[in-house]
Each structure stands twice: as structure tokens, then as C-alpha cells.
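Student: Letter by letter, the chains look like this.
Protein chains: 8
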Amino acid sequence: MPFNLKQLLDQIAAGNLSAAQGAEQIAAEMLAQPVEDLGFARIDHQRAQRQGFPEVILGLGKSPDQIAAIAQRIVARGHTLLVTRADPTAYAAVQAVVPAAVYHDIARAITCRMHEVTAGRGTIVVAAAGTSDLPVAEEAAVTAEVMGNTVDRLFDVGVAGLHRLLREHDRLRSARVIVVVAGMEGALPSVVAGLVSVPVVAVPTSIGYGASFHGLAALLGMLNSCANGVSVVNIDNGFGAGCISSLINHLD
Amino acid sequence: MPFNLKQLLDQIAAGNLSAAQGAEQIAAEMLAQPVEDLGFARIDHQRAQRQGFPEVILGLGKSPDQIAAIAQRIVARGHTLLVTRADPTAYAAVQAVVPAAVYHDIARAITCRMHEVTAGRGTIVVAAAGTSDLPVAEEAAVTAEVMGNTVDRLFDVGVAGLHRLLREHDRLRSARVIVVVAGMEGALPSVVAGLVSVPVVAVPTSIGYGASFHGLAALLGMLNSCANGVSVVNIDNGFGAGCISSLINHLD
Amino acid sequence: MPFNLKQLLDQIAAGNLSAAQGAEQIAAEMLAQPVEDLGFARIDHQRAQRQGFPEVILGLGKSPDQIAAIAQRIVARGHTLLVTRADPTAYAAVQAVVPAAVYHDIARAITCRMHEVTAGRGTIVVAAAGTSDLPVAEEAAVTAEVMGNTVDRLFDVGVAGLHRLLREHDRLRSARVIVVVAGMEGALPSVVAGLVSVPVVAVPTSIGYGASFHGLAALLGMLNSCANGVSVVNIDNGFGAGCISSLINHLD
Amino acid sequence: MPFNLKQLLDQIAAGNLSAAQGAEQIAAEMLAQPVEDLGFARIDHQRAQRQGFPEVILGLGKSPDQIAAIAQRIVARGHTLLVTRADPTAYAAVQAVVPAAVYHDIARAITCRMHEVTAGRGTIVVAAAGTSDLPVAEEAAVTAEVMGNTVDRLFDVGVAGLHRLLREHDRLRSARVIVVVAGMEGALPSVVAGLVSVPVVAVPTSIGYGASFHGLAALLGMLNSCANGVSVVNIDNGFGAGCISSLINHLD
Amino acid sequence: MPFNLKQLLDQIAAGNLSAAQGAEQIAAEMLAQPVEDLGFARIDHQRAQRQGFPEVILGLGKSPDQIAAIAQRIVARGHTLLVTRADPTAYAAVQAVVPAAVYHDIARAITCRMHEVTAGRGTIVVAAAGTSDLPVAEEAAVTAEVMGNTVDRLFDVGVAGLHRLLREHDRLRSARVIVVVAGMEGALPSVVAGLVSVPVVAVPTSIGYGASFHGLAALLGMLNSCANGVSVVNIDNGFGAGCISSLINHLD
Amino acid sequence: MPFNLKQLLDQIAAGNLSAAQGAEQIAAEMLAQPVEDLGFARIDHQRAQRQGFPEVILGLGKSPDQIAAIAQRIVARGHTLLVTRADPTAYAAVQAVVPAAVYHDIARAITCRMHEVTAGRGTIVVAAAGTSDLPVAEEAAVTAEVMGNTVDRLFDVGVAGLHRLLREHDRLRSARVIVVVAGMEGALPSVVAGLVSVPVVAVPTSIGYGASFHGLAALLGMLNSCANGVSVVNIDNGFGAGCISSLINHLD
Amino acid sequence: MPFNLKQLLDQIAAGNLSAAQGAEQIAAEMLAQPVEDLGFARIDHQRAQRQGFPEVILGLGKSPDQIAAIAQRIVARGHTLLVTRADPTAYAAVQAVVPAAVYHDIARAITCRMHEVTAGRGTIVVAAAGTSDLPVAEEAAVTAEVMGNTVDRLFDVGVAGLHRLLREHDRLRSARVIVVVAGMEGALPSVVAGLVSVPVVAVPTSIGYGASFHGLAALLGMLNSCANGVSVVNIDNGFGAGCISSLINHLD
Amino acid sequence: MPFNLKQLLDQIAAGNLSAAQGAEQIAAEMLAQPVEDLGFARIDHQRAQRQGFPEVILGLGKSPDQIAAIAQRIVARGHTLLVTRADPTAYAAVQAVVPAAVYHDIARAITCRMHEVTAGRGTIVVAAAGTSDLPVAEEAAVTAEVMGNTVDRLFDVGVAGLHRLLREHDRLRSARVIVVVAGMEGALPSVVAGLVSVPVVAVPTSIGYGASFHGLAALLGMLNSCANGVSVVNIDNGFGAGCISSLINHLD
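Each protein sequence line maps, in turn, to chains A, B, C, D, E, F, G and H. For the first sequence, our numbering gives the first residue as 1, with consecutive numbering after it. For the second sequence, our numbering gives the first residue as 1, with consecutive numbering after it. For the third sequence, our numbering gives the first residue as 1, with consecutive numbering after it. For the fourth sequence, our numbering gives the first residue as 1, with consecutive numbering after it. For the fifth sequence, our numbering gives the first residue as 1, with consecutive numbering after it. For the sixth sequence, our numbering gives the first residue as 1, with consecutive numbering after it. For the seventh sequence, our numbering gives the first residue as 1, with consecutive numbering after it. For the eighth sequence, our numbering gives the first residue as 1, with consecutive numbering after it.
Bear in mind the hints are in silico, worked out from the structure with no lab data behind them. Please note that the accuracy of each hint is not assured.
[Stated by the list, open to error] Residues from chain D that face chain H, not an exhaustive set, calculated with beta carbons under 10 Å: (1) Phe40; (2) Gln72; (3) Arg85; (4) Pro88; (5) Thr205.
Model, not experiment: these values are computed from the prediction. Every residue gets a Cβ at the ideal spot worked out from N, C-alpha and C, and that includes glycine.
All chains, full assembly: derive it from the sequences and hints.
Tutor: If you want it as C-alpha cells, here you go:
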């Protein structure tokens, strides 16, 4: 039963509750936010309600034990689990406490899907420029899927061989939102955005060498896109792109 | 009447059209893309149809005469006009050929709205961290408005005085998509995205000095946002954010 | 009379206030934050109470009219005024509405001091490496002074002539906190911090040329100081250093 | 018995000391600074007296043998030992010569506390944005503790879930100085500084990927903080922040 | 037999083909681009025809299995194979399916040459500044050779010992195009271009340390060459230089 | 009559020339390089012979008087004149001494063509992505033309509207070498190089704002091109591209 | 008469001086460093004695009045005057108080030479790559001359036309130390250092555009020189190079 | 017997030599530069004569076999050997062919000294800021020693404890040239140069973390030194500093 300030004050007025008790209850309510404190982490169990999807674990910089401990708490509440940047060791630790967890090795992600997730409205196309961009593209795709979306993968369609992209024009056109993943010069989002009229979420990857500066070249290219409708996330941030495209795809 | 390959071939088969004439018509159709070549610019008059909004003129790096010449051609076809990064001189040149054009001085934009633009579905909130961010925020707002959207402006709500933002929680919650404009450390998008469950388009501004490096600090901050649902456009690119938020707000 | 939740609930319990009225008052209190909205700015009049000093106006990127309008509101409430990065034009606009305002030309600051400010406990030394660093050093000094501190200025004591610094050892030793301003290689904070046992707030300046990269060299040097007790603010941020040193100097 | 120039000259005047002996003693005094030269290092045994805490060993770039040799000399004089950036191998080498030394594995620090350290006046809050920031936050906390301060740890309170931070408002308010540790966009110090009126020492961490550029994004964000009272130390420099906060907390 | 639109329409007009069949054939032709989709890669088998050399495999970021799978398909069509950035493991995987493949260990390249390649017109000189630049220089040389060119290698002719270069003046003069490979300050292309009147393709290498910033110094040096006729490729991009010099050398 | 060592020695052997005279002549020849020293400049009059085109004057950083003095000397020897980065003031100074000089205002170049220049073999296409790129594209075109080449200009064919480029496929195909000029994300060279099999010389421009970093984004994009056959010159270096494309176009 | 501690103590011992007087004299001596404090500047009049040349005024960032005030004090003591980065306004202010001051307009320097300066031992060659590098080269030359050295200027000898440099081999060989000034790719120091066996002081200039990044390219090139004997000063720091070369040239 | 053009021509004139023979001898002399070509390297055996010290081998990027092969050739000609950046494996390979070679493990250098080296005139002081800077400082010291200089090492004298440096004032003063090695903020060269009047060669090291950016902070600090007489070499380039200081110390 949710807290109701009006009812509480009514009770005080009716003499069913003392003023002191009322003050205490209000204070308690303020503190009763469903954040579970593990010492090294504070799990926000109400995020699913507030933001449409439960808290996601970024595996990077956390030990397998820390990941497993957080994962167990999330699943215990019946929430869908998503761990990104997880290596096989982290998966082993998670699987020990969440046997139903699945490992997506190309995407380096752990998922355990519950029924709570609502379906997105249209299709999300995840396009990738080259074979080496697959880990990031798969992270975006797996993220979007676990968040309830239908994903259409369109890989190795870089701009140096335009016909590979142009012949998939229909699939691009059928999307409600498109995630475009590219390293090196990062030109693909500009070309794709010029062909469609839906939002394009661009993900630069760290693929390349030399003056790619670990994805900086692709990032700058995408930020300077001459095409309308392109917004950008961090280098290699497939998760972020999957998440944003899901938010867009869930809009009524 | 749109070109129809099947009908054309039927006509040939029926003897109503010679093969040579048919080949000519197909070739003509392929070349008949409505691109008007001014020598220094090729205006794409079909963009409204293909991308939902006519070609927009980026004033930066173009002379007033070039801007006016392109503007005249766009309006002549009955399309809505939007010129960004336009100074008063450019406006004077445009006004001479498009008397109905309006100048938005804070946003540095010229518009001339036609009836063709379809309305967006919900409200776009444009939030700005500080007073100095207004030119960019207004560029985003004017862009979104001319593209048919209802815009709610929420200015000077930077993170150093959180209560200024928190008391506008309801307005944030009422948005279908939020544009967040901030310079200096660029922290506002992370805080806003943590409070809502709709897409946030973040615009770093070049406001600041020293280690802001003309907006680089804000840009990097936004790209590294720990909140889900934030994508980023170029520094000072209010137009881009307005455009993307409009695309999102026009999705069925 | 400050809002008191316990008293309010007592009143409801005593029948002196209906529950509905109580709920309204609590809501009103929550919204009654003393933020004054000018459209382009939201002035936080309670900051003096919450943070020990009223809101400060960063002149950069604001028009003289905007600055004057905000200044007028701050002074109207009886708060001390501080405008940084203000040129003479801004001062003229402020003076028109706040005749008592004073202009510090080297520091490029406008002040109008009220009686409310409490005095700091010790002396703040502001040391500057070279003559060209004076504008930033003066901004720090004026800021600290208007916030109620005694300031001792120690200028042109760069490390290339150590004896100039060493002979002022006593003045350094007498400080409760030291602001050190330096451009070029920014080595002065390290040397000063090695001589004292109080906090040193380092301010890199954009003084220099070539590989100083507008203060980057000094900033990096200070961040990498091998001496203990050095923290750093933004390039040319004399205000920030004055403000922090004042906070430290006001600690009981 | 400290050297006293006046007394010495009195003795010469009284004939109790020859002029030659006097000149020798003055020279000796000048050279008699308690610096112990190990060839590869010069240990400054008077730093505790001069700066309030004995020399600290930065483990980075030193061999375990070098670290142990310096540690032994420091402890031999009765000083408190602090080694930062020390791995288990370095600890083993130190423990062999200083059996009482303690290893803090998350903080990667070795300590051996003596009675000499004077207690700080208030509490130092060490707040960290995420679980991955713990090593740096712990380095700050351990440093502050070994220097005689009471530390209150407040971990995983990043800005994307504001309520986690806001509910700890009281603990923030109870601090005399606050260390804020954050990676990625580094927005936490701005938000914290907006809520309190004590100095905030910000520590960017190298946590993140892609455009975090090993902590650069967080560093720039913190340097450009729009909140007053924030100064910054080097990326991952938990030691520096602990040290500065201790200096501040020891001010009378 | 190539597709011929005119003939097809003639056939329809003659009643030899129905309009529906004709529409189908045109659609088929549009889709019939010889791109083979392996899921993780789309191989463009017509590139040899379109661009003068078959698709080249960049080994970087691809697994040995992926490389071998693509290699097999290319060779199966009778095309010449070139894999760059290939380590011995990748070679083993390729050799298993393409026994005739050759490994160039300094160049880290795998080749399998077919008869199709047409010969270039003149000689390509590949000059390298230092011994450490050899892997990149060899990648350029092997690339040019497999593309049908005669290559003259001129190694260790850096500018600090000019006589080493000047005595090879005749060999430089005999080239139709020159590839110049250099790390560190990257000055060699400027000197070479001043001595000849043919195009110079400059390749910066990541050789160096400190302020070479992994080849950035050499890259910037080459981009700013004061000599005419120098164009630049990515750091360590020997393949790119070999490829461009081959294109130039194949011009009639 | 060119110097001939063998003949000279024959003359000495025949007694027609003394050994001393011979030594003098050899020394004279060594010093007789046709370099004219103006004090502030050394003009290399033999460059036309050595490199196929006379010395070109980079106007940047030279005074109008210096430019005119050098121009006069070049024309006096009958060489073709090309001054780049020349403003109208420089032109006025040149015109005073070289009345036949022509000013190309978009390209900011001064030329005075003599008959000596040999014609290139094919056509050089100069393609530019946007209207704002015209000054750089024109510099390339004017340079190529004055060096004897036929130039085909193809402007405003950026990748965001692919059909504008694709319909000019034939003109691209007809080129012997292509110069591609683009700012912002600099994606055009990759797309063009994927469509042709001739060398592409890419010129990044400083067009853009924010994260274009004055052309750095375009430069990095072009250096990381995933298409074969792209080499790059400095930002805004239209002259360099014109010069290289001319060298290539003059190859037999 | 210089201070002599031994004599003073002898006097005390002899009763010619009281201990109190002696202590005072020692203290006085310690404080009696000849630093003249103008408030905004502390002039170090003993630098000529300590460092071989009087204090030099860097004009950058100082007002004409400040420059003139310092200049007057230096000349008043009979020291040689050198002001760098001085514009004509500064010169006018200096000339008003030091009528004998001379202005070097290319070098932007003010000098007033006194007899005190001792002559250097050999010749300093100042070589510059291009005409645009002259201001920096002249600053180096004027600095070296005013410090007592013979300077040989060798201008416009860039590496793209090697013969211009090689024919001046004898002048290079005759130098005791060589200053090499170059912008753009900054390759000249490497080539020069390969031809001689004396120290080369390299000065990068900000000459160039685009990827020269205001001299960064030249700076990095010089720092990565593959030739032995090259050390580097700041971009455009002709003064520094003149000063170092003078120090070297004055060594016995 | 050195080649003498005059004598040769005399011989021809005298009939003792035919013109054809003379032409051959001149050509032979031109080609007879003592460069030994190993394929992967060209050893310049005349460098000792031309530059005062034989060719030095930079071990970085060369295989042990390559290093040993070059070393053997150098020693075979009786030249002194110096290999820098050499690991123990390289030493083992060298020792196999040059048994007398010595390994300096801190400096990571291999030397084999011959009698040819002439002694420098004075003492070279090598000062290092911290213990971690020792490898670079030792590389400088070993280099200077093998080139015939007397070296005085002064280690761990960083600016945070000035007294450690000041008490060694006499040793600094006794130097003819000083090498100063420092990481982190790189402030030591400025302080040292302010105390002496001899050239200071500054070597930034990559010691540090975070915003030291692998030595960039120290490098920039040194380039921006406010002290006169400081020139800089590449990060970690101890060899370069040793070499330059030796060149200076060998000047008559």
C-alpha cells in the first residue's frame, strides 16, 4: 500500500495517530527508498518502475564476486538481469548464483530475461560497418532485445562498398530507429541518415590503428555528421545505443 | 503521378510505347532527381518528402548572397525555410527575397514557416544549465518549433543548485523527449536522465574558459554519462538536437 | 518564522488545522524555495544561508543588461554583490542600478559589500609568479576580501629567482591557506607547498605562448605536483581559488 | 637543542668560542639538515616537523627493495609509515623489515601508524560515485586515517540516481571537508558542492572507457565545475586528496 | 553476358518476354550484385573488376577462422589473396584452406598471387628512414608487388646522415612513384620530394617514444611538408601506401 | 650548354685546359646553382627544370612587398607564377610589378601563366562536399589548371544526399585522378574511392564548428578511410592536392 | 666590498663588534639581496652577476607603462636592456624614459646595450627554414648579439631545396653553436645536426596552418629528431635560443 | 691519403692519368663514403670523424640479432660502442660477438669503450628529481661518460624539498653543463637554471600517472620554463641529453 500523505494527516486529525507518530512515518517514508546497500554498491530496485528497465551492471572495473552479488539481488526481486563488459570468469560467478543466466560471447554480456519487460513498437535495425565492429554491434543488439525490442542485424555494410548498403535499403526503411556502429572514419551514420527519416544513434568503435586514436577519429566524424538526425554515444558503447534506441522504440 | 516501372513495361508489352522510348523514360527517371544546381550549391527539393523536412541552410561559411539565393529557391517551391548560424546581414539579404522571413536573434536563425509541416505528438522540453547557454538552447527550440513541435523551455537549472531543477520535476516528466543544453562540466544531462524515462539529447556548449577547451569538457562529460538514455550532438549544435528531438517526437 | 513539520502536525492533532490545510502547507513549503525566475536566469536567494555567501555572477557570456538585472535583485535583498569577468560596460550597467558598486579594474570584478559577511579566521596569502599573472591573482584576492578575509599579496616571486620567494618565507608561514597563481610551467605551487604545512590552492594562468597552450602546461604541472597539499582549480579561475580559500579560512 | 645564532655569537663575543669555530658551526648547521642519502633516494626526516606528517613513499616506479629500504629508515626514526601504489610484492619486502606494517589491499597502501600523529578536528567524508572508484576512494580514506582523521565513507552515490545521494544529506552536512571521487563524467563534486558549505576536494578516476580517455573527461568536468568550493587533484590521486583534506581538517 | 536494359525492353516489345518477367529481371539484376554474405562479412567479388584488385582482408580485429573463411572464398573465385596485419596463427588457419598461401613475416602479410593481376608501368621505390621502419616498409612493398608492380627497396636512409640518401639519387630518380616510410620526426618525405618530380606517398610509422606519441609526430610532420608532391596515409599504413602507389603506377 | 665532367677532363688531358682552370670550373659549377638570394628569400630558379614546375609562393606569413619582389624575379626568368593564400593587398603589390597577373578571388590565388607548362594527360576531377568548401576546392582547381591540367569541378556532393553524387558517376569515372575536398566528418573521399579505381587525393577543410576542431575531425576521418586509394594532405591545403594530382596526371 | 662571514666573526672575537651587531649584520646581509620591488614586479639587479646577463623583460602580458618602469630601473643601474615581444607602443613608452633604446622591428625587441657584456668566443649561426620564420630568427639573433656574440644569419634554407643548405656548408661548419628556426614540419634541425658536430638549438615556429597546430607539428618533429645534438625550446622562443646559444658560446 | 681534386687534375694535365681514369676516380670518391650496407641497416663508419663520436645504436625496435650485427661491425672498425634501450637479451647477443661489452642495467645500455674518445673539458652534473627518474638519468650519465666526460650524479633533489637541492649548490656551480631529469610537473630545470649560469639540458621523464600523460606534463613544463638557459629533449631521452651535454663540454 503506497504512502499517502493526505490519509496520514487525516488520521492525525481524527486522533488515530499522534503528531509525533505522524512525523516519524513521514521521515521513515522519505528514507524508505528501495535502495539496497551492499557496502561497495547501492542497488536501485525501483529503477524498473522509474525508468522502464531495472538497473544494469557495467562489468568493467568490478570483480566477479561483486558482479555476482549484485546480479543475485536483482534477480531475487524478479527483475531482468543485464551485465555488460562481462568476461567468462564473471559469467561463471553469476551462473553459480543465477543458473538461468545466459552468456552472449560476442557481445560479452550476461542476461537473464524475466516477463516484466514490455515490447517495443517497431523494429530496431543495428547496422555495422565492418566485421571487427561486431562485438559492439552485438552489445547494442543484445541490449535492445533484452529490453523487449525486435532487432534486425545488418553487418559489414561500410561505405567503401556502397552497393552493399544500398541493396538493403528496404530493411533500413522498415526501422523505427537505427543504431549504426562504425570504427575507422565512422562515415556510415552520415550515409544512413541521409537515406531514412528516423533517428540514428551512432556508435563509434575503437577499431582501427594509428590516427584512429582508439576510436577518436570515428567519434569526431560522427559528431560532425553533415546529415540530420544523428546523435552519438561513447566509443564502443553498444549498451548505450541499445538502451536509447529501446527508449525511443517504447515511446507511444 | 509517380513513376511506375511495372506500368511502363505493361505499356511496352501492349505496344503503346516503344522499347527505345521505355529505355529513355527509365533513364530520365533515374536522372530526374529534383536536385537544383546553383553552381556553388545543389538544392535537394525532395528532402521534405524523403526526410520529413525540407533542406536546412547552415549559414556558417556561406555568404549572405549565397544564403539568400538558396533560401529563395526553397521558398519558391513552397517549402518551410530554416537558416541557422545566420547573422543580421544574412537576414537582410534573405528578407529582400523572402519578405515573410522572421529573424530569431538569440537563436541566430531565420525561419519562414509553411503549412506543410506535420505536428509532433508530444512536448519537447529544452532545458539549459545557465544563462549563457541560451543561444544554443534557443536554436534547438526554434528548430523544433519550426518542425512542428510544442516546446517547453526550462532555463538556468544547472546542477550546482539542484532544487532549481527538482522543483520542475513535473515539467520534465511531461516531456516525450528532452533536449539538455549545458556548458562547463556538462553534468546536467546525467542528472536529468536519472529522473525520467524518455530519450535525452545532450548538447554541449562552448560556454566556459580555460580547461573547458571551447566545450570539449562538456562534450566528454556528456559522452561519458553514467545515466542511461543520453545521446550527444556536436558542441553548440542546437539545430541538431532540435532536429533529432523532432524526428523522435514525430514517430507514430 | 521557519517551517516546522512537528509543530504543524501538533496543530493538526490539536484540531487547530485541518488535514487538508496541513497537506497544502507542506506542499507550499516544498515549492516555496526562494528562487527568483527572471526567464533567462533563476536567482537563488537562499544561497547565502545554505552556502555562506550569496550567489555570485559570472559575467562571461552574459549581456550587461542581464548582469545588471541580476545584480539589482541580489542587492535588493541585502546580499553582498560579486560579479566576475566584468568589463567596464558591464560595470556601467550595474552602477546605474547599484550606485554603490565598486569596480576593480585589474581583477575585472564588481563588488558591493554588505555587512552580513562573517570574517575568516586567519590570513590568506595570494602569491603570483609573474607580473602578467596579476589579473588572476587580483581576482582571487578581491574575491577572498569580499567574502570577509584578510589577504596578503605576494607578487612576482617566480621560481627562476628563488631568493625572491625565500626571503618572504615568514609571510608564507603566517598564512592559514595560500593561493598560488602561476602561468608558463606552473612550478611555483610545488615549491611553496614544500615550504609550508597549510593547504595550497593552485591557479594556472593562460600566461605564456607556444607550448603553454593557453595554460594547459601550467595546469598539468600543478596537477602533477610532487609536493603534498596542492589542489588545483581551472585555468585563470582566480574567483574559484578565492572562494575555496575563503571556505577553508572560515572553518572553525 | 636547536641551533641559536644569537647565542653562538654571544659565545664568540665572550671569548668562549673562537671565530673560526663559530664559522664552522654555522656552516655545519647549514649542512646539518636531516636528509639521509641512500644514493637512490634522500629521505627527509624533518618533514614531519616541517609539514605535519613524515615523508610518504610513492611506490610507483620504485623497486620493492628500494621501498623497503626507505620504509625501514622512516620507521627507525619513529615516524608513521605510508606507502602508496604498493603491490603485494612491495608489501612482502616491507613486512620483512617492518613486521608491524599493515597492507590495505583495496587501497593498495602500506601503513604503520605511530603515536606522533595529531588528531584532526572534524570528520572527513569520502564519497565515491561508483563501485569501480573504490580503490581510489580507499586510498584517500586510508591516507586521511593514518594522518589522524576520522573518515566517513559514502560509496556508490553517483548522480544518475540522485535519491541515493540526497538521502545521505545529513552525513554530507556533518563533514568538515569532503573528498569526492568519481570517474566517467565526474559530475558528483558539482552536485555535492551545491549541497554543502565546506571545501570539496575532487578526485577524478580513470574509470570508464572510450572518450573517458583514462580519466581526462572526469578531470576536465571537475575543473569546470559550476559549483563553488571545488578544487581538484590528479587523476586517481586518492593520496593527494586524503592529504589535503587532512591539512584542512588539522587547521585550528 | 552482361545485363542489357535496351535488349530486354526490345524483347518485351517483341512479345518474347512478358512485362512481369521483365520487371522481375530488372529487379533481379539490381539485387544480383556479387556480394557474398557470410553473416559476419560481405565479400565483394566484383571489386577486382571495379577497382583493379580484389578485396583485401585487414587481419586486425578478425579471428583466424574469420580470416580463413573469407580467404577461402576469395581464392575460390580465382582472385589474388592479400591479408594484412596477419600473425602466424592467422597464417596457419589460412594455409589449411589455401595451401599455396605465402607468409611474409616482416610485413606480417599473407599472399596468394593469381595470374589476373596486370603489371604496373614503372618502378615503385619504397624508401625507409630506419631499420625499425622495416615492417611497415615491407607491408608497402609486398602490397605493391602482389598488385603487379616492380619494387626497389631503399632502407635506412634517414635524414640525419644525408649522404646515405644522396648517393642513391639515381635510384630515386628512376622511380615512377615513391613510397617513403619514416617514424620519429618524419622528415624524409620532404627531403625526397625535393629531389624528384614524381608523386611521393608518405607513411608515418609509430616508431619512436615519448613525444613521438605513437607516430603522431611523424604524421604531423609529413602533413606539414614544405615540399610539393607529398600526400600522406595513416600511421603504419604500409598497405595503403602500396595500394595507392600501385594505382598510380597502373595509370596509362 | 650543360656542364660535362668527362668533356672537361678530356680538355685537360688534351692540354686545352690547365688543371687549375679545371678545378676552378668544377668548383664554379658546384656553386653555380641558380639560387637567387634576396636576403629574406632564396629563389630556386631551376625548380621548373628539376621538378616540372617553377617555385610557388606561399603568401601566408609574407608581406605584400616580399611577395611582389619574389614574383617579379620568377616572372623575369619567364617562369609561370603561382601565389597561394594571397589577399587583395598582396595582389595589388604583385600587379604593380607583374601587370599580367590574374587574381582568383575564391581561391585567393595569383597566377601568371607562361607557355612553358606541359599539358597533363587526362582530366582531374575536383569534388567538394559543401558550398563552404569552395575556397579550398578552387585553390586545388586553379593550381591544377595553371600547372597544365584540364579540371572538372563537381561541387556540393556531400554524403548526406548520396543521389547528388551517384548521378555524377560518369564524371567521376572519366577522371585520371580525383581531388576530394570535405570538411565536417570528411566522409566523401571514402565514398568516392569506393566508386572508382584511380588515385584519390583527399583534402580536409577547416569548415565546421565545435568538435570539428578546425578540420581535425575531417583530417582524422580521411586518414582512417576504409576505402583503398585515398591519400591525404594538410587541412585546407588545396594547393598541395592540386600539385600532387598534377604530378600524377603528368606521368607518362 | 663583499660580505665575509669569517672576517665578521673575527671582529666579534676581537671585541670590535658586539654579538648583537654581528647577528644584525648577518640578518641584513641575508635580506640585502638586491631585489627592487615595484609592487607589480620584483627586479633582480644581481642577475647579471649571478647569471652573466641582467634580467630580461618579456613584454607579453605587460602594459607599456609596466615595461617602461622596469626598463628605467634596469638602465639606471647601468645594465644592458633587452625587452622581447615588444610592440611599437611599448617602445614609445620605453624610449620616453630610455632615449638611447633601439627598436628591432622584425625581431619585435628593444635593446640598449651597455659596455658590461663580455664577448662570446665563436660565431653563432642562426639558420631559418623560410621567409616567414624571420621574426623568430631575428629575435634569436638580436638576443645573441646584445649578449655579446657574433651572429651569422643564414635564412630560407629549408629542406625541400637541399642544395640551398648544402652550398652553405662552410658557414655551418664555422659555427661554435647553431640555432635552427623552422615551422611547418620542422625538419631542418635534423638535417643540420647531421652535417656538423656542434650543439644545435632548435626553435619551432608557429608558421603553418591546419595540422601544424600553431607550431605543435614542428615542436614534435624537433623533439623526435633522429640526429644527435639537437635540443629544443618553446614554439617561437627565439629569445630562449639566443640566450642558450650565448651561454654555450661564453663557456671557456 | 685523402682524396685531392687539384692533385688529380694535375696528374691528368701531366699525362700521368687519362681523362677517363680521372672521371672514374672522382666518381669512385663520390661513392666511396664509408657506409656499410647490411640490408636492414646502413652503418656510417665516418661519423666519428664527422661528428666526434661513432654511430650509436638505438635498441628500440631492433631485434637482438640486428643489434649484435651492427655492434660487431662498429667494434670491428675500432670504434667505441654504445647501444641504448637494450634489454638483457640484446646484451647477450652483443656479448656473444663483442665479449668486452659491458651492460649498465639501470641505464639499459651496452658500452664498449675504445681509446679514441677525447676527454671533455669540465664536469657534467646529472641531476634527477626522484628515485623513479634514475633509469633516464643513468642513461644520460653513461652516455656522457662513454663519450669522454666526467659526470657528477645528484639524485632525488626534487623541488618539493628545496633544501635537498640548495645544500648541493656548490656541486651545481662547479658544472660546465647540467642535465636535469624530472618527471611529474618537471619543475626542477627552472629552479636549477635560476641558480647557475651554464646551459641546462632538461629531460622530461614519463614518471607519473593520470594527468602526467606519460611525460607530457613534464615536457610542457620544461618547454615553458621561465628560467633562461633551459633547452629540452624528448621524454625519457637520457641519451640525447648526455650527447648534447658532451658536445657542449667538448667545445674549446
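Student: Next step is simple, just say for each hint if it's right about the structure.
Tutor: Structure-based check of each hint:
1. Hint status for phenylalanine 40 (chain D): holds, given a least beta-carbon distance of 5 Å to chain H, under 10 Å.
2. Checking glutamine 72 (chain D) against chain H: minimum C-beta separation of about 15 Å lies over 10 Å; hint violated.
3. Taking 10 Å as the C-beta contact cut-off toward chain H, the hint placing arginine 85 (chain D) at the interface holds, the least distance being around 8 Å.
4. About 19 Å separates the beta-carbon of proline 88 (chain D) from the nearest beta-carbon of chain H, more than 10 Å, and the hint is not met.
5. This hint holds: threonine 205 (chain D) has a C-beta 9 Å from the nearest C-beta of chain H, less than the 10 Å allowed.
Violated hints, listed in ascending order, are 2 and 4; each of the other numbered hints is respected by the structure.
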